Amino acid sequence: MSAVLTKLVEYFQFPFVRYALIAGTLIAFCSSLLGVTLVLRRFSFIGDGLSHVAFGAMAVSAVVGLTNDMPLTLAITVICAILLLRTGQSTKINGDAAVAMISVGALAIGYLLMNLFSKSSNLSGDVCTTLFGSTSILTLSKFEVVLCIVLSAVVAAAFILFYNRVFAVTFDENFAASAGTRTGASNTAIAIIVAVVIVLAMNLVGSLLISALIIFPALSAMRLFKSFRSVTVCSAILSVSCSVSGILISILGGTPVGSTIVAVDIAVFAMFHIISLIKGGRK
Amino acid sequence: MALIKCENLSLGYEGRAIIENLNFEVNSGNYLCIVGENGSGKSTLIKTLLGLQNPISGKITKGDGLLKNEIGYLPQQTVVQKDFPASVREVVLSGCQGRLGLRPFYSYEDKALAARNMEKMGITQLSGRCYRELSGGQQQRVLLARALCATRKVILLDEPVSGLDPKVTAEMYSLIENLNKNEGITVITVSHDIAAALKYADHILHIGKDVFFGTKDEYVSGGHAEYFAKEGGDGV
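First to last, the protein sequences are chains A and B. All residue numbers for the first sequence refer to the working numbering, where the first residue is 1 and numbers rise by one. All residue numbers for the second sequence refer to the working numbering, where the first residue is 1001 and numbers rise by one.
Misleading hints may appear alongside valid ones.
Claimed, not checked - Here are the computed lysine-lysine pairs in the BS3-like style, where the Cα-Cα straight-line distance is at most 30 Å:
{"hint": "1", "chain 1": "B", "residue 1": "Lys1111", "chain 2": "A", "residue 2": "Lys226"}
{"hint": "2", "chain 1": "A", "residue 1": "Lys226", "chain 2": "B", "residue 2": "Lys1082"}
{"hint": "3", "chain 1": "A", "residue 1": "Lys279", "chain 2": "B", "residue 2": "Lys1068"}
{"hint": "4", "chain 1": "B", "residue 1": "Lys1059", "chain 2": "B", "residue 2": "Lys1120"}
{"hint": "5", "chain 1": "B", "residue 1": "Lys1068", "chain 2": "A", "residue 2": "Lys226"}
{"hint": "6", "chain 1": "B", "residue 1": "Lys1120", "chain 2": "A", "residue 2": "Lys226"}
The hints are simulated quantities; they were obtained by calculation from the structure and are not laboratory data. Just so we're clear, the structure is a prediction, and the values are computed from it rather than from any experiment.
The task is simple: from the sequences and hints, build the whole structure.
This is the structure in C-alpha cells:
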C-alpha cells in the first residue's frame, strides 16, 4: 500500500499529472450534467457527432490557411449543435438520424478536403490525431487548465440556475411551451453549452472520452435512481469518481488515460445494472 | 364575455389550410368536446388554442381575464416519457413553470399548490414514485395534476383516455366531470369517443368535412351524432 502511495506522491510532483487530474475531473463533471438531458432526448451520440463536425471544421480552416482554427471550429460546431437540438421533439428527422447524418457527412467532407488540399505529408497521422484528440490529457498547458476551470464553473452555474427549465423542456416540450416557457431559447442555450463543452473537451481529452463521459454516468444513474434530481446528482458523482480513479489507475498501471476512464465507467455501469436486476427481482 | 372566442379561424401548416372558417366560443364553466376524424385538424386546433402555432387567418380572443399561458394542457404521452426518470412530485411541480418568471427555483407556494393538486387527483401517496413505473391511469392523473398547476380556469385535454381500460376510463371521466362541476374549471377535451362526449359534455364542436358547433342537445336533435357515427366515428 505504501509503495502505491509513494508512487502516487512521486507522480504528483509533476504539474502535468495534477493538470490532467483537475481537467479530467472538471470535464467529467460538466459532461455528466449535460449527459442526463442528452441521453433522455435521444442525443447520446451527439458527442461523437459534434466531434466529427469539429474535425470537418478543422479541415476547412486548414484548407483556408487559418493559423488558429479554434474560433472557426467552435462557431461551426455551435451552429450544428443548435440545428440538431433546437428543433427538439418536433423534428421531421429523428434525433439519432440527424446526428448520424451530420456526423458522417462532416467526417466525409473533412477527409475529402484534407485529401484534396493538404500540404502535410503525414495525412493519416493528422486525421488520426484530430479524431482521437490531438493534444491528449497529459500534455495540457496551464492556460488550458484555467480555461477548463472557468468553463466548468460557468456550466455548473448555468445548469443549477436553469435546472427546472432543463427538466421541463426535456420531459415535455409541448407542455412547457404551453405554460409559457420559452422552449426555443432553452434548447438553443442547451445546444450552445453542449457544443462549447464538447469542442473544448475534445481538444483536451479526445472525442472518444467525451462521448463516454456523456453516456455512461447518466445511464448508470438511471439504472438505480427514479427521480430527475437524484439521477443528475448520482451521475455527477459517478462521473467524477470514475474519472479520478481512472486517472489514478492509469498512472499506477501505465495504461492510456482516456481508455482507462472509459473502462472504469463501463465497469460501474455493469455493476449498477446488476444491482438494479437484483433489486428488480426482489420486488 | 366568452373565455375563448374563435372567429373565422383558418388553421393548417405551411400555408395549407386544414380547417377553414371555424367559429366557436367557450364560456366559463363550459364542458366542450371537440370531435372529428383522424386528420381533421384536431391537433392543429389544440396547438393553435395553446398559442404554439399561429392561425393562417382569423382571430382568437381571450376574455374573462384569461392570461396568455393560462390553459392547463394535458398532452398525449411522448416516447421520451416512457423511460424518463422523474418522480411524480417533480412532474406535477413542473406545472408551476409558468409562474417562475425570472426566478430559477420553485417557491413554497408553488410546492403547496402542487401538493394540493396531487391531493385532488388522489395521487399524494405516489408522490415519491417514479413516473415511468405507474399504470396508464395513474400517469394521466399525474399529468392532470400538472395541468391544474398551470391554470385555475381552463384545462385542455388531448385524448385523455386513450389506451386506458374501461374502468380507468370511467374514473378519469368522472374526475374531469368533478373538476368541471365542483371546481368550476372550464374543460375542453379532444376525443374520438363520441359516446363519452354526449354523456359528459355540454357543447360539441365537430370538425371535418362538415363543421358543427352548438350545445349537445342541438347536436343530438340535429341528427349529427347518428350521421357521424355512420360515417365511421368510433363511439356511439
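Are any of the numbered hints broken by this structure? If so, which, sorted upward?
Hints 3, 4 and 5 not satisfied by this model.
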